[in-house]
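**Q** Throughout, this note's numbering is defined as the position within the sequence shown, counted from one, plus 357.
Do not take every clue at face value.
[Said to hold, decoys possible] Think about it this way: if two alpha-carbon atoms lie no more than 30 Å apart in a straight line, the pair counts; the simulated BS3-like pairs of lysine-lysine are:
1. K399 to K428
2. K473 to K428
3. K470 to K428
[Unchecked claim] Restraint ranges, calculated between C-beta atoms of paired labels, are given here:
4. I420 to T400: 27 to 35 Å
5. Q385 to R458: 15 to 23 Å
6. N424 to T370: 22 to 30 Å
7. Y367 to R434: 16 to 24 Å
8. K470 to P427: 27 to 35 Å
9. T370 to R416: 34 to 42 Å
10. E414 to F469: 17 to 25 Å
11. A419 to I393: 19 to 27 Å
12. T381 to V423: 17 to 25 Å
For the record, the hints were derived by calculation from the structure and aren't laboratory data. The C-beta atom is built at its ideal place from N, Cα and C for all residues, glycine as well.
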Amino acid sequence: MSTLSTSITYDETTSLVMMTLRGTASAQDVVDVYQIANGYAKTHNSSKVLVDVSNLEHRFAAIDIVNIMPKIAHYLRDLSIARVVGFEGYMHDLFLQKAKRFNVNAENFECFKSAKQWLCNN
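Could you build all of it, start to finish, from the sequences and the hints given here?
**A** Structure follows, in structure tokens:
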């Protein structure tokens, strides 16, 4: 069962979509969240998404990343994704590795400031 809390905003000054995820997420939640991010970015004519997952716990097996990445990659194809991941890195590293295989422009960061800076320079 997931107990996911999501907040999403748009910053006009930087043209960034900013999303914060907290709680626990299922594999389907991850797909749904990136679908929402894609729609929100299109609505605001933005190609830059900052996702804070530093307070998110995954409730699915690592192998599920292999199955969900083709779906996620479809939504992230035209976006640059900066993910604030904190220190629990195994699933985040795996996510990033699979994203790059699908040519998704994504990077993981340990702090909000460096993630935002990367997006603004990208």
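**Q** Now tell me if each hint is right for this structure.
**A** Okay, the hints, checked on the actual structure:
1. K399 to K428: With a Cα-Cα distance of about 17 Å, the restraint between K399 and K428 holds, given a limit of 30 Å.
2. K473 to K428: Holds: K473 and K428 sit about 25 Å apart, inside 30 Å.
3. K470 to K428: 29 Å, holds
4. I420 to T400: 27 to 35 Å: 33 Å, holds
5. Q385 to R458: 15 to 23 Å: 21 Å, holds
6. N424 to T370: 22 to 30 Å: 38 Å, violated
7. Y367 to R434: 16 to 24 Å: 20 Å, holds
8. K470 to P427: 27 to 35 Å: Holds, since K470 and P427 (Cβ atoms, about 32 Å apart) stay within the stated range.
9. T370 to R416: 34 to 42 Å: At 35 Å between Cβs, range holds.
10. E414 to F469: 17 to 25 Å: 19 Å, holds
11. A419 to I393: 19 to 27 Å: 23 Å, holds
12. T381 to V423: 17 to 25 Å: 20 Å, holds
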